[in-house]
Structures are given as C-alpha cells and as structure tokens.
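Number of protein chains: 2
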Amino acid sequence: MNQQRIRIGYHVAVPSGHSAESQLRAVAREQTVELPAGCYPPEFERTIVGQVESLEEEAEGLWRATVSYDPDLVGGSVPQLLNLLYGNVSFQPGVEVVALHLPPSLLERYPGPRFGLARIRALAPQAAGRPLVVSAAKPVGLGVADLAARCEALALGGVDLIKDDHGVMGQAWAPFPERVPRCAEAVERANRATGRASCYLPNVTGPIDGLEERLSVTRAAGCRGVLVSPFLMGLEVLTRIGDAHDLFVMAHPTFGGAMVQRGRGIAPDVLLGRVLRLLGADAVIFLAPGGRFPISEEETDALVTSLREPWESVAPALPVAGGGVTPGRVRDWVARHGVESALLVGGGLYQQGDLEAAARRLVEAVEEASRG
Amino acid sequence: MNQQRIRIGYHVAVPSGHSAESQLRAVAREQTVELPAGCYPPEFERTIVGQVESLEEEAEGLWRATVSYDPDLVGGSVPQLLNLLYGNVSFQPGVEVVALHLPPSLLERYPGPRFGLARIRALAPQAAGRPLVVSAAKPVGLGVADLAARCEALALGGVDLIKDDHGVMGQAWAPFPERVPRCAEAVERANRATGRASCYLPNVTGPIDGLEERLSVTRAAGCRGVLVSPFLMGLEVLTRIGDAHDLFVMAHPTFGGAMVQRGRGIAPDVLLGRVLRLLGADAVIFLAPGGRFPISEEETDALVTSLREPWESVAPALPVAGGGVTPGRVRDWVARHGVESALLVGGGLYQQGDLEAAARRLVEAVEEASRG
Chain A
1 MNQQRIRIGY HVAVPSGHSA ESQLRAVARE QTVELPAGCY PPEFERTIVG
51 QVESLEEEAE GLWRATVSYD PDLVGGSVPQ LLNLLYGNVS FQPGVEVVAL
101 HLPPSLLERY PGPRFGLARI RALAPQAAGR PLVVSAAKPV GLGVADLAAR
151 CEALALGGVD LIKDDHGVMG QAWAPFPERV PRCAEAVERA NRATGRASCY
201 LPNVTGPIDG LEERLSVTRA AGCRGVLVSP FLMGLEVLTR IGDAHDLFVM
251 AHPTFGGAMV QRGRGIAPDV LLGRVLRLLG ADAVIFLAPG GRFPISEEET
301 DALVTSLREP WESVAPALPV AGGGVTPGRV RDWVARHGVE SALLVGGGLY
351 QQGDLEAAAR RLVEAVEEAS RG
Chain B
1 MNQQRIRIGY HVAVPSGHSA ESQLRAVARE QTVELPAGCY PPEFERTIVG
51 QVESLEEEAE GLWRATVSYD PDLVGGSVPQ LLNLLYGNVS FQPGVEVVAL
101 HLPPSLLERY PGPRFGLARI RALAPQAAGR PLVVSAAKPV GLGVADLAAR
151 CEALALGGVD LIKDDHGVMG QAWAPFPERV PRCAEAVERA NRATGRASCY
201 LPNVTGPIDG LEERLSVTRA AGCRGVLVSP FLMGLEVLTR IGDAHDLFVM
251 AHPTFGGAMV QRGRGIAPDV LLGRVLRLLG ADAVIFLAPG GRFPISEEET
301 DALVTSLREP WESVAPALPV AGGGVTPGRV RDWVARHGVE SALLVGGGLY
351 QQGDLEAAAR RLVEAVEEAS RG
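Protein chains in written order, with the working numbering: chain A, 1 to 372; chain B, 1 to 372.
FYI, nobody ran anything at the bench for these hints, they're computed from the structure. You may find that some hints are simply not true.
Some, not all, of what chain B presents toward chain A, calculated at C-beta under 7 Å [claimed, not checked]:
hint	residue
1	N2
2	S77
3	G348
4	Q351
Residues of chain A placed beyond 12 Å of chain B at every Cβ, according to the derived structure [as the list claims (entries may be wrong)]:
hint	residue
5	Q3
6	Q80
7	R262
8	A369
Covered, in the sense of this in silico footprint (three residues per stretch, anywhere, with C-beta under 8 Å from a C-beta of chain A), are these stretches of chain B [to be verified]:
hint	stretch
9	37-50
10	158-169
11	177-186
12	310-322
Every value quoted in this text rests on a predicted model; they were computed, and no experiment measured them. Even for Gly, the Cβ is constructed at its ideal location relative to N, Cα and C.
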C-alpha cells in the first residue's frame with residue numbers, strides 16, 4: 001500500500017442487490033469530483049477520485065473499505081482536510097468514517113500537540129505516577145468572585161487542572177478580562193499554601209476577532225494552558241493557539257456530538273482522536289463510558305489509543321475522561337487505561353457540598369488506585 | 001409567553017416510565033449549569049437553567065417541548081449561541097432541536113443577510129420572474145484555464161450564479177489568486193456577449209488567516225458574491241464577510257450533514273435556515289428532495305419557509321436547492337416553491353456533454369416553468 005497517499009477507512013451500508021464496489025466509488029466521487037462518472041477527464045478516475053484499496057463485507061450488508069486519495073487534495077489546509085474526510089457524504093446515511101491515515105509529508109503541515117501529554121505532566125509534578133485530576137469552576141451565571149472561590153477550593157483540594165466550565169465564555173456575569181486574572185490569582189494563592197502546581201485553564205472560546213486579546217490576557221495572568229471548544233469556533237482554532245503563546249490546549253467536544261454517533265458520522269477515535277490531535281489539541285476531553293452519556297468501552301479504548309499511540313512526528317495527547325465520571329469509578333479507569341490520562345470530575349465533586357474536601361478525597365482515591 | 005427570552009423547541013424521546021418533565025429539566029441543565037440540581041444557587045433553577053414553557057406528547061414516547069432561556073447566556077456571541085442551542089446535548093441520542101426563537105434584542109446583535117434575496121435578485125435582472133439558475137465550475141483537479149472555460153460556457157448558456165465547486169479551495173492545481181481573476185474575466189466576457197449579468201462566486205473557504213486576502217482578491221476581480229462552507233470554517237465566518245466587503249454570501253452545507261438528521265441533531269430549518277440566515281448567509285444551498293440524498297418534501301418546505309419568511313429585522317435569504325436537481329424536476333419545484341428561489345444544477349448539466357447548450361436548455365426550462 002502506498003504510504004504517500006491519504007487513506008480513509010469507511011463503514012458503508014450496502015442494500016442487498018447493490019454492488020459495494022459501485023457504492024464505494026460513488027462515495028469517493030462525492031468527496032472529490034462531485035460529478036457522475038464520465039463527466040471528468042478519464043485519468044481523474046485513478047488520480048482525483050481516488051482508489052478503492054480494500055473492500056470486505058464485515059456483516060450482512062455492512063462493508064468495510066479503504067479508499068486512498070492524492071494528498072494534494074488536502075495540502076496543509078484544515079477545511080480541505082475536513083471536506084475530504086466527511087464533506088458531502090455527511091448527508092448520506094449509512095456512511096461512517098472509521099479510519100484516517102495521512103502520509104508523513106502531510107502530517108508535517110499540521111502543528112500537532114506542542115505540549116502533548118509529557119509537557120502537561122511536567123507542569124504538574126505532584127501528579128507523577130497517577131492520572132491527572134481535572135475539574136471545573138461552574139456554573140455559568142456566577143460572578144467572578146464566586147468562580148474564583150471555586151477555583152481556589154479545587155486547588156486547595158489538590159485538583160491539578162482547573163478549567164472554566166465550557167459554558168462560561170464571554171457572559172457579562174463574569175467577563176473574561178476580570179475573570180481570568182482573579183481565578184489565576186486564586187489558584188496561585190492555593191499553590192503557595194499547598195506547595196503544588198495546579199493550573200487554571202481559562203475558556204478562550206468566543207468570537208475569533210477577540211481570540212488574540214483573550215490569549216494575551218491569559219498569558220499576562222500567568223496561565224500555562226487554555227480550554228477551547230473547536231466545534232463551536234471551527235476546528236482550525238486549534239492550530240492558532242499553541243506556538244505563538246506557549247499555552248497548552250485542552251479541547252472540549254461540545255456541539256460535536258452528532259458527528260460521532262455510531263453508523264454515521266466520524267468515529268470518535270478519528271474525529272476526537274486523530275483529527276483534534278493533529279490540529280494541535282494537547283489534551284482532549286471526551287465522554288467516559290458509564291456516565292450520563294451512552295458510549296461503549298470499546299469506543300473509549302479506541303479513542304484513548306488514538307490520542308496516545310506513537311504517530312510519526314505527532315506528539316501523544318492527554319486523554320481526559322469526563323461526562324459523569326464519579327469518584328467511585330476511578331479504580332476501574334486506572335486498571336483499564338493506566339495513569340497516562342486524566343479524570344475530569346465536575347458534578348461528582350459539587351454534589352458533595354464541601355468542594356475542597358471532595359476534591360481532596362478524589363485526589364486521594366486516584367493516588368490510591370494508582371498505587372494498587 | 002415572554003418574547004424577551006430565548007425559546008428553544010425540542011423533540012425528546014422519553015422512555016416509558018420516565019417523567020418527560022424531569023427529562024426536559026435535565027436537558028436544560030445540561031445546556032446551562034451542567035450540574036445536578038442542588039449544586040447551584042436555588043434561584044438559578046428559574047433564571048439560568050431556564051423554564052419549561054410547554055410540554056406535550058406528540059406520539060408514543062416522543063415529546064415536544066419548549067424551554068425558555070435568559071438571553072444573557074448568549075449575548076451576541078456565535079459560540080455562546082451554538083452552545084446553548086446544541087452543546088453537550090449533542091452527545092445525547094433522542095434529543096433534537098426543532099425550533100429557535102430569539103428576542104429582538106438578540107437578533108440585532110447578529111448581522112443577518114446584508115444582501116438577502118432581494119439584492120441578489122437585483123444583481124441578476126435577467127432572472128426576473130423565474131428562479132435563479134446556479135451551477136458550478138468543477139471538478140477539483142482541473143487547472144485554471146479549464147475551470148475558466150467552464151465558467152464561460154455556463155455564463156454563455158445563461159446561468160445566473162456560477163460558483164466554484166465547494167471542493168475547489170486552495171489546491172495547487174488552480175490557486176485562488178490565479179483562478180479568481182481568470183474565472184471572473186471569463187464570466188464578464190460572456191456577459192458582454194449575452195447582455196446578461198451572470199455572477200461568478202469564488203469559494204473563499206480556506207484557512208482563516210488568509211480570508212481577508214482572499215476577499216480582497218475577490219473584490220479586485222469585480223465579483224459581487226462568494227461561496228463559503230461554514231461547517232468547514234466555523235459558523236462565525238458568515239458574520240465576517242458581508243459588511244466590510246460588499247459581497248453577498250452563499251453558504252454550502254458540506255461537513256454539516258450529520259447534524260441535521262432526523263430524531264437527533266438540529267432540524268434543517270433551524271440550522272440551515274434560521275441559524276445560517278441570522279449569522280449572515282444571503283443564500284443557503286441545501287439538498288433538494290428527489291436527488292441523490294434522502295430528504296423529505298416536508299423538511300424542504302420548512303427549510304424554504306425559514307429562509308424566506310418575515311423575521312423581525314432579518315432580511316429573507318435565497319433558498320438554493322441542489323444535490324442532484326435535474327432539469328426534469330424544474331416544473332415541480334416552481335409549482336411547489338415559486339420563483340423566489342434558486343436551482344443549483346451541476347452534474348445534470350455536465351452529463352449532457354455540451355455545457356453551454358445544456359445550460360441554455362435548463363434556463364429555458366426554468367423560464368418556461370415559471371410562465372406557468
């Protein structure tokens with residue numbers, strides 16, 4: 001197989017009596033020439049439309065296929081990558097993108113994680129040997145003082161990464177330019193008391209025009225990382241934060257859920273794993289199984305693998321399991337995914353009333369589970 | 001009902017034995033405080049979480065509900081609007097957003113169409129009394145000369161709006177700075193021959209950093225409008241094109257398909273209708289029923305209505321029906337949707353071989369159908 005071409009893996013539902021090969025060719029045309037066969041130069045059939053590299057029936061009527069494409073269709077452009085990956089076929093039920101291989105020549109044209117798992121870990125040495133613990137200052141509607149107090153309580157309790165809630169953006173209740181220095185100070189105050197190095201991650205999601213200003217405010221406040229929601233802002237935002245600002249990027253998947261369902265869309269390990277990692281996410285939040293969203297252990301395994309596995313020059317990213325993670329499920333997580341990951345617990349701490357004490361119990365539970 | 005609040009309509013699947021009211025409250029919490037009840041100030045239950053305004057069972061286990069929210073959650077921000085509309089619930093199967101009402105105070109904070117249906121029509125006076133005819137120069141992979149020749153043939157045949165194919169972006173085969181002036185010249189040359197006013201719409205989709213430059217090239221080439229794919233670039237891109245550049249914006253839905261399926265996601269009339277129109281799309285391409293994508297007549301009716309109906313200060317947008325429209329279906333379209341719309345035919349023209357002659361037959365068919 002030619003390693004210099006893009007390869008996209010599909011699951012395609014093929015009605016009985018139809019040719020899987022024809023259906024795959026139709027998908028490949030839809031994603032490239034968007035014309036019926038015969039309406040373009042004949043050599044495009046091999047070059048631009050792409051080549052069906054493999055095709056097999058996995059189950060009755062469900063085919064797994066790989067199509068390879070010319071990397072010049074994508075260049076180094078984010079919109080061109082997304083369009084080839086899942087453009088017009090997004091309107092076609094029964095087509096799911098399940099794999100993405102990019103040649104090294106293309107990988108070099110996207111930033112990948114600048115910090116990655118290892119450099120985030122280095123910022124929080126207290127978490128050596130166990131998963132990082134992540135929580136959020138919330139809810140939206142609180143003022144700056146209340147959010148800063150929650151940041152401080154979480155830091156005093158030992159939470160490593162304390163992010164703004166993804167719903168806390170530019171609302172007037174806690175404006176970004178006031179919120180960020182106050183929350184950063186609160187975490188620093190706690191760090192002086194505990195001797196730890198908790199990080200506060202402002203949510204820089206908002207209008208593109210103000211992004212540079214928000215990143216400057218973030219840096220001026222001494223923060224080392226940010227939260228951003230790429231599906232709200234456009235995925236390319238991930239490429240625009242890291243280098244210039246020396247900030248690590250934690251990506252939140254809000255608004256992206258309908259794209260990662262089963263049997264349609266893009267498999268979570270491809271979209272939240274490969275794509276977000278390639279574009280520059282140092283850490284990716286996803287929904288853990290057993291929480292309040294339906295996701296399987298197998299999907300989670302694949303996603304965690306796609307974030308951490310070796311991938312040419314692209315640094316490993318930190319998997320952040322959230323969405324209803326409870327303190328009681330920590331041991332299972334560590335047993336299955338090891339310590340090179342992070343656990344995001346929000347509601348599970350707030351429900352206990354005393355936020356600092358709840359955070360402390362969670363960190364102890366994570367430490368305990370990691371020793372076992 | 002309080003017209004000063006945001007109202008979002010949902011279809012929610014409620015398993016038997018569960019309370020629909022509780023499930024709706026859970027959706028409203030997920031979209032706002034993202035905390036279990038009891039973990040936030042009690043007054044937030046009414047203010048920040050929102051109020052269930054109506055709730056009725058439409059079919060066995062399928063409920064229709066309206067929840068109203070504080071407009072300050074959204075402000076004038078695109079990411080805040082999208083997050084409230086369909087943030088974390090995007091990961092919840094069985095929740096579909098089916099309506100969106102915004103108070104006038106919020107509507108004023110988004111640009112809406114600057115040209116809208118009426119000013120696009122005014123640019124193409126030859127199309128008075130009939131739907132506009134739209135086609136595309138394609139496929140990706142061709143060089144500038146070949147694409148310009150196709151533009152010229154389509155303009156000579158009488159096509160009103162000739163766009164780049166949505167897959168033709170920044171590829172090296174036809175670089176934007178060379179392609180746009182050449183294609184614009186080709187259409188102008190045809191206009192001098194025909195006496196018509198066909199418009200060439202460059203596809204400005206690409207990296208955000210180059211957007212201003214691409215818009216400048218577009219204006220310098222004398223173009224009056226552009227094509228853009230908001231789901232590839234982030235929906236906010238729609239707010240950034242119109243005013244400063246005096247260009248109308250045609251939005252292409254590529255990459256957005258998984259968000260508008262039935263029973264999950266955002267209904268097409270809300271996402272491709274209300275939201276894209278509000279953010280600044282003067283024209284919106286969508287998939288017509290009977291083409292190569294599955295979409296119902298009812299969904300199309302709702303979408304066309306949402307683009308054209310009176311909506312406070314927001315100008316009507318032009319519905320552009322594509323995705324496998326064939327010349328043979330023109331009469332049905334006009335009978336059902338009238339002439340204040342546009343028909344996008346791509347493959348259906350290319351399949352006929354002589355592009356200019358095929359375009360001429362299509363325009364004649366549209367004129368004929370519009371005479372009644």
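**Request:** Could you tell me which of the numbered hints above are not met by this structure, giving the numbers in increasing order?
**Result:** 1, 3, 6, 7, 11, 12
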